[in-house]
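Here the protein sequences line up with chains A and B, keeping their order. Here the numbering used here is used: the first residue of the first sequence is 269, the next is one more, and so on. Here the numbering used here is used: the first residue of the second sequence is 244, the next is one more, and so on.
If you're looking for bench data, these hints aren't it; they were derived computationally from the structure. Fair warning: there could be bad hints in the mix.
Calculated from the model, a selection of chain A residues having no Cβ within reach of chain B, i.e. all distances over 12 Å [said to hold, decoys possible]:
id, residue
1, E318
2, A371
3, A376
4, Q412
5, R516
6, M638
7, C685
Residues from chain A that face chain B, not an exhaustive set, calculated with beta carbons under 10 Å [as the list claims (entries may be wrong)]:
id, residue
8, I715
9, V721
10, I723
Below, simulated EDC-like cross-link-like pairs (lysine to aspartate or glutamate); rule was C-alpha separation at most 20 Å, straight line [said to hold, decoys possible]:
id, chain 1, residue 1, chain 2, residue 2
11, B, K253, A, E772
12, B, K353, A, E603
13, A, K451, A, D528
14, A, K758, A, E536
15, A, K322, A, D355
16, A, K298, A, D385
C-beta atoms are modelled at their ideal positions from N, C-alpha and C, and glycine is treated no differently.
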Amino acid sequence: MRCPVRFIRGIITEKRSKLSLVILLKNSVKEIKLNLHTRFADSADLTIREITLKSTSGLTAAVITMEGLVDKEQLAQSVLNPLMVYDFGSMPPQKAAETIQNAVAAAADLLTFTTVDELVTYITSGFAVLVVDGAEIMLAAGTQGYAFRSVSEPESEVVQRGSREGFSEPLRVNMSLLRRRMKSPELVFEQLTVGSESQTQLMLCYIQSKVSGQLLETLRSRLNECRLETVLGAGYLSDYLEDKNTSRLFSGVGISERPDTVCGKLTEGRIAIIVDGTPAVLIVPRLFVEEFQGVDDYSNRTYYATFIRLLKYLSFFIAVFLPGLYVALAQFHPEYIPSFILIKTAEALSQTPLPVTMEVLMMTLVYEIMKEAGLRIPKSLAHAVSIVGALVIGESAVTAGIISSSTLMVVATAAICSYVTASLYPPIMALRLVFIVVGGLAGLWGIVLATAVVIISLCSKTSLGVPYMSSLSPFSLRRMRDVFLRVSWKALGKHTIRVQKFPETEVDHAH
Amino acid sequence: MPIETPFSSKRFLLALMLAACSVILLQNNSLSKNSSFLFELACMAAGLLICFLCFIPALMLRKMRGADILRLSTRSPAFIKLPVAVFYACYFVYTALYFLIPYTDMFHSKYYPGVSPCLITVVLLGCCVYAAVKGVNVVTRFGIFLFLFAMLTNILMFGGNLTALELTASSVSWQGNAGDFWQNTRYFLTPAFIAVVFACLNADIRNFRLRQPVCALFFTGLKYAAVLFFIRFAVGAYASRQEYPTFVLSRTAHFDRFAGVESFYLALATMSVFMIISLLLCCVTKAIDREKNLRTVILFTLILLAAYTVSAYLHSAKEILTNPNIFIIFTGIAALLPLSGLIMGRKSNVPTLVHSM
Numbered sequence: 269m270r271c272p273v274r275f276i277r278g279i280i281t282e283k284r285s286k287l288s289l290v291i292l293l294k295n296s297v298k299e300i301k302l303n304l305h306t307r308f309a310d311s312a313d314l315t316i317r318e319i320t321l322k323s324t325s326g327l328t329a330a331v332i333t334m335e336g337l338v339d340k341e342q343l344a345q346s347v348l349n350p351l352m353v354y355d356f357g358s359m360p361p362q363k364a365a366e367t368i369q370n371a372v373a374a375a376a377d378l379l380t381f382t383t384v385d386e387l388v389t390y391i392t393s394g395f396a397v398l399v400v401d402g403a404e405i406m407l408a409a410g411t412q413g414y415a416f417r418s419v420s421e422p423e424s425e426v427v428q429r430g431s432r433e434g435f436s437e438p439l440r441v442n443m444s445l446l447r448r449r450m451k452s453p454e455l456v457f458e459q460l461t462v463g464s465e466s467q468t469q470l471m472l473c474y475i476q477s478k479v480s481g482q483l484l485e486t487l488r489s490r491l492n493e494c495r496l497e498t499v500l501g502a503g504y505l506s507d508y509l510e511d512k513n514t515s516r517l518f519s520g521v522g523i524s525e526r527p528d529t530v531c532g533k534l535t536e537g538r539i540a541i542i543v544d545g546t547p548a549v550l551i552v553p554r555l556f557v558e559e560f561q562g563v564d565d566y567s568n569r570t571y572y573a574t575f576i577r578l579l580k581y582l583s584f585f586i587a588v589f590l591p592g593l594y595v596a597l598a599q600f601h602p603e604y605i606p607s608f609i610l611i612k613t614a615e616a617l618s619q620t621p622l623p624v625t626m627e628v629l630m631m632t633l634v635y636e637i638m639k640e641a642g643l644r645i646p647k648s649l650a651h652a653v654s655i656v657g658a659l660v661i662g663e664s665a666v667t668a669g670i671i672s673s674s675t676l677m678v679v680a681t682a683a684i685c686s687y688v689t690a691s692l693y694p695p696i697m698a699l700r701l702v703f704i705v706v707g708g709l710a711g712l713w714g715i716v717l718a719t720a721v722v723i724i725s726l727c728s729k730t731s732l733g734v735p736y737m738s739s740l741s742p743f744s745l746r747r748m749r750d751v752f753l754r755v756s757w758k759a760l761g762k763h764t765i766r767v768q769k770f771p772e773t774e775v776d777h778a779h
Numbered sequence: 244m245p246i247e248t249p250f251s252s253k254r255f256l257l258a259l260m261l262a263a264c265s266v267i268l269l270q271n272n273s274l275s276k277n278s279s280f281l282f283e284l285a286c287m288a289a290g291l292l293i294c295f296l297c298f299i300p301a302l303m304l305r306k307m308r309g310a311d312i313l314r315l316s317t318r319s320p321a322f323i324k325l326p327v328a329v330f331y332a333c334y335f336v337y338t339a340l341y342f343l344i345p346y347t348d349m350f351h352s353k354y355y356p357g358v359s360p361c362l363i364t365v366v367l368l369g370c371c372v373y374a375a376v377k378g379v380n381v382v383t384r385f386g387i388f389l390f391l392f393a394m395l396t397n398i399l400m401f402g403g404n405l406t407a408l409e410l411t412a413s414s415v416s417w418q419g420n421a422g423d424f425w426q427n428t429r430y431f432l433t434p435a436f437i438a439v440v441f442a443c444l445n446a447d448i449r450n451f452r453l454r455q456p457v458c459a460l461f462f463t464g465l466k467y468a469a470v471l472f473f474i475r476f477a478v479g480a481y482a483s484r485q486e487y488p489t490f491v492l493s494r495t496a497h498f499d500r501f502a503g504v505e506s507f508y509l510a511l512a513t514m515s516v517f518m519i520i521s522l523l524l525c526c527v528t529k530a531i532d533r534e535k536n537l538r539t540v541i542l543f544t545l546i547l548l549a550a551y552t553v554s555a556y557l558h559s560a561k562e563i564l565t566n567p568n569i570f571i572i573f574t575g576i577a578a579l580l581p582l583s584g585l586i587m588g589r590k591s592n593v594p595t596l597v598h599s600m
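Chain B on its own, in the form it takes in the complex (with noise of 0.2 Å):
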């Protein structure tokens, strides 16, 4: 059963957080070539920024209803109540998906080609259900240990690409277009989802500050900027040929003798689409049904389980669940929906929000 204490929302802050960075494990790579550094960074500036926007109806809606979209939906008659229901749970379906086809494709091809892809899902869903009918906040719980594991993770990836670094006068240079802009930005688009969970799950948390999701942000920022800086001139072109950086990144990592970063980024990466797909099965629970979660969660991890088999069957299916225009276009319809809720709620009287804003 999930524990119903409205619990802390640095410590939801930081599950989100480890979610939009879990993102770079799993992106391939899709930036324009042509492309600087800098210019990248310039990119992912005005991507996360985009990302902040998207926040923004959540917060207006917590702050003048006092409530999250789907606690404002259930008390909304049933003509719009089901419709934000069904998008939701459609959304969410989706985006776990979105996250979970390159996981399996990512471990299928790089560690176990051996291995059925669908054997794979079926047991991390089914480790995903025992996550979410915990509730959210055993979740965030675990965010915590998973951070610990991260930055340590990260110290050795970096760091074991430290002696690889070459730094030369066109590191500074500045090159790329509008076309590349846009590419780019795309790209750094899809932490954005975080601030979906977000606007379906801030009814529960307790202390909230809008300096927590710019830090969220801002984090996942630095993680971006510093393994684009290693993968550009630590790795170097050789990265731009393969599939997944980060993967290529913690294989080239090593002290002296001593390599097998990858083995920690696997388990970094596994640990993340774990909380992520937890967190999205969360947010279909209360977008649902707020009381029978195990049922819930149990049927949509059948519904997750159907079409990510229809998917690798399917190879249009595949393109479809995997296509990032329209993850950037349902994540922006999600975001912008709370709006909707300025117009149509009233102001809740849920005790949990009374002291947080």
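In isolation and in its complexed conformation, chain A is listed as follows (with noise of 0.2 Å):
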């Protein structure tokens, strides 16, 4: 893991080359605290300290420390105790203040700098400001100490067997969590800051040897264009990381929570986008065949890694095209039904009051809500609220004659199957109201049609430079090997992936 010394001292050199002002101080107690009060507007987490040194020439100081994010007992042991106690006998504030920096100060991680506005960075940072009133330095305390979420289990990504560690919101946690699965000095962690307000800490992540130079320079340049006031999530950052010109239905920016996938991707080329406050990574390029790998993948046997993966694909199918076909099928190719299930079918449908795409388009809709609403109730009522669905909605609807069981079965079929690959849920269910409409007004047709401009949206789509849809079109019969199929370890440790090598990817291979 980076000092986090240096860490901060890369937040303040890049903030130095950006300010076009920077205010030299005269290093005064009293203006350092008028100055600091009229920025924060008196805000109840500033806290600003003074004390009066043991010395001859009565030498004061200030401990300037922001409300909970400082660990109250490191700064008492490493640097409070220690100022009280030592005797400065003549020295004069300049001296004092070397002094403390040299021998007084118990602190793992001491530095010195000389504006307000670093700083307003290292209290912001959770670092102890110690000002000896008429020195020209002032000094920075590594004494962080706030309260975060443990490295837990993500929710989003659970798997059978590997890993149980998850992300959690603090940068350098995810740092570690980093580096200690790949210890190569290759692994690099660059720092960028973005948010005009909210100055968000995150960090650029890759394989120094596997990455594109190029590809990283987009990078990021894309990020310095990044205009935010204020940064709060990875996701806050997706659509600048987007490539122009592309469609935005489906994400080339990928998230994971989970630090064996993100080092995963990362020995393939890639770069992770650690945002400091979020457990969510981001990771460029992403591929379209990417949505159906998953870490248990590569620890079952091969065959069923195999049979998952292909379940993975019908269920897609199924998610996005199940409605929308039996809409076209039920309203305008009954004949294409087969006849043992089209009479019962038609029975069913003939005696509900709606045509039969405003049933799907209506159950559909009711079925986004009372996901939304079970996403958000408090989990003693999701009970209750699961019983409503289920019962009022399900069974009653359909015994009120209002929709028929062969629609309920049909949504709920493929509301179901849209959970097999989660992280494309939403693009599965905009294209499954698109096509319910489609196959409604224009039957198989339509839906052809619309599945053609998906599919060539698809193929123009580029992440980073990259083919969204490698592998399959442009095709790679060597990448193919871990696509529709997972073959063995040993079979996949003879090449190597890199993403920049791509076919007809508009990046460079050096890095």
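Hints are included, so try docking the two chains, each in its own frame, into the full complex.
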């Protein structure tokens, strides 16, 4: 893990380069206090403790912190106690500050700086800043200590085998999770700051020997284009990372909360972006076929992993096309439905008041509403809501003849299938609605044309210059061993994958 | 915006092969009634051989000048560039209509008699504009998915007719005369338009090999042969009395109680026509204006739509636009025109072609 001192120094250095005006301090405690109270508008969490040092010349100092960001015990032990005990004699202020830095303060991280802007960055990052009245330098002691969620299993990416660790909110904890798995010195963390107000720190993470230099440069320039005031989550940056003039229906930016997944992607030449304050790590470039690959695939037996992967593709197609095809067949081409199914379906549909398109559309929307409600209601109410959903909307609506049982079955099957590839849920939902409407208006012909347009849109999409449909189209037979199939590790290990070497990728291959 | 990266010639030829095969889906039965199956196969071989000969001027131009005919013409003086651009634009518009009209006719008569063919055309062309604006590379990427779907449809179409096959001693007879030969060969000349598309777009491909067009035409021949075989020996005389014999083949296909293969045929025909028209619109863009492709594509789509509407109300216009003789003559001229580039053009310094041949 990178030393926190260097880490903060990195922020300061970057900030210095950005600042057009650097305010030089005279290091008068009184002036600094006034300046900070003005800047923070007398914010309640700004803490300035003035102390008189043991000296013959009556030296005074101030310890400036932000409430809740420092570990008070550590602050007392490493800064305040030694400071109170040490006899500075007749030292001038500058000499006293240097003595504190070299001989008094027991903090592991101790930095010197000179400007108020740096001071603000340090205290908002959890450092305790020590200002000796009249000295030219100020000192920042690394005494960070704030509450954060511990490392736990990510709920969105549960695995049967494999690590139970997931990313947490603090940036440095997430960095340590990666470094623990990837001990190579080639693993590089590069720091950037985004958000003019929030000053959110983020880390570009990549393996030096595997990443494409051009890919990295493109990513940096796109992040620098981000003009947001606040960046409170990884999702804020997704739009900036997408290629211009490509479809936004499917995302060209991957998200993972699992350090093992991120490490796996890094070895293929991808770049991870860790944003402070969020457990979701962004990964670019992202390809379509990756949506069907899971951590468990690489732990399970080859035949089983292949079977599961094929099931995922099948589920994706069912989730997207089933309701639309059902509407198209029931409304325009009932002759294509096998007679033994047709009789029952026609019978059920004839007893409902709404046309089949409206029925399916309505049930799909009701399902989406129930899903959103289920995600947000307290757990204690979830049981009651699920009963209401299953009995009232399911059973009773069919019994009352408002909807047909076949419609309910089609919508439910599509809904379940859409969770097999949970990361694709937004495009699946959007496409499902489109196909229902198109199927209802133009039948199979409309669905075929809409499918052609969607495929064209997918084929034209790129993620940081890499074709989104890579391995399928442009086709690559060699990469097929980890697309529909998952061949054995012995076979997988024979060839290394570099994302910049995918066919028709618009980036250089060198690093 | 189109992706300008040079793309695989294998994929390009695959797309052209699919375009050639889709012709079979839309062709009316105009083969001679007196000819035998073997005679038809011989005519098919002759027809596809002529199709291959249509490739030769473009191949020579590529080899000797390192450019396609359109790229070469853009470097020529205006008095050459303009007629070449106008000729090819006219050719591609004509070809697009040549396939669009039978498609909408078939669609209107077999599937949705109640829907206006013009409405079908407007929606289809709207989708083609979207694809054409994305560029040839993207359209050929789409071709891979279409290829998989075409494989599935063919398996269903032929597999579903296997039980109906009736082979007799007359299956291997040889029957036909010179008149039948020309009539049948003309029927198999339609895929020659892919040679013109190749002549206009080959500057954007890499790793081209001579065997690729040969393979494309060979597999087109296999598809033709399979369709002819099943129509003659599985569907029989019924198919000869019907329009669109391939449609009949898909309708008669069944697996026990499961039928409805014609829905796959409909899907394949729709996607094939979509790909052909998109490819042709890409060619028009290249012929007219390489920079402002959206404007050019929309303009020519409107021209296509206007011509289609005229043909829908004026029978003589439709006759001209779907006349196979005019189409073959037009294709022949378009395929031979690259030879003039050999006389006039200079060697290209286009970097995409340096490692190509």
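Results for each hint:
1. For E318/A, the shortest C-beta to C-beta distance to chain B comes to about 63 Å, beyond the 12 Å cut-off, and the non-interface label holds.
2. The beta carbon of A371/A is kept farther than 12 Å from every beta carbon of chain B, the shortest such distance being approximately 63 Å.
3. Every CB of chain B is more than 12 Å from the CB of A376/A (nearest about 52 Å), matching its label as outside the interface.
4. No Cβ of chain B comes within 12 Å of the Cβ of Q412/A; the nearest lies about 48 Å off, and the non-interface call holds.
5. With a least beta-carbon separation of about 15 Å from chain B, R516/A lies farther than 12 Å from that chain, consistent with its non-interface assignment.
6. Non-interface call for M638/A relative to chain B: holds, since the shortest CB-CB distance, roughly 33 Å, exceeds 12 Å.
7. In this structure C685/A is separated from chain B by more than 12 Å, as the shortest Cβ-Cβ distance comes to about 20 Å.
8. Proximity of I715/A to chain B holds as hinted, the smallest CB-CB distance being about 8 Å (cut-off 10 Å).
9. Hint status for V721/A relative to chain B: holds, with the closest Cβ pair at about 5 Å, below 10 Å.
10. Interface hint at I723/A: satisfied, since its Cβ lies 5 Å from the closest Cβ of chain B, which is below the 10 Å cut-off.
11. Between K253/B and E772/A the CA atoms are separated by roughly 14 Å; this keeps the pair inside 20 Å, and the hint holds.
12. At roughly 14 Å between alpha-carbon atoms, K353/B and E603/A fall within 20 Å of each other, so this suggested pair holds.
13. Between K451/A and D528/A the CA atoms are separated by roughly 13 Å; this keeps the pair inside 20 Å, and the hint holds.
14. Distance restraint check for K758/A and E536/A: the Cα-Cα separation of roughly 17 Å lies within the 20 Å cut-off, and the hinted pair is therefore satisfied.
15. Only pairs whose Cα atoms come within 20 Å are accepted, and K322/A paired with D355/A is accepted, the gap being roughly 5 Å.
16. Under the criterion of a C-alpha separation no larger than 20 Å, the hint pairing K298/A with D385/A is consistent with the structure, at around 17 Å.
Consistency note: the structure conflicts with none of the earlier hints.
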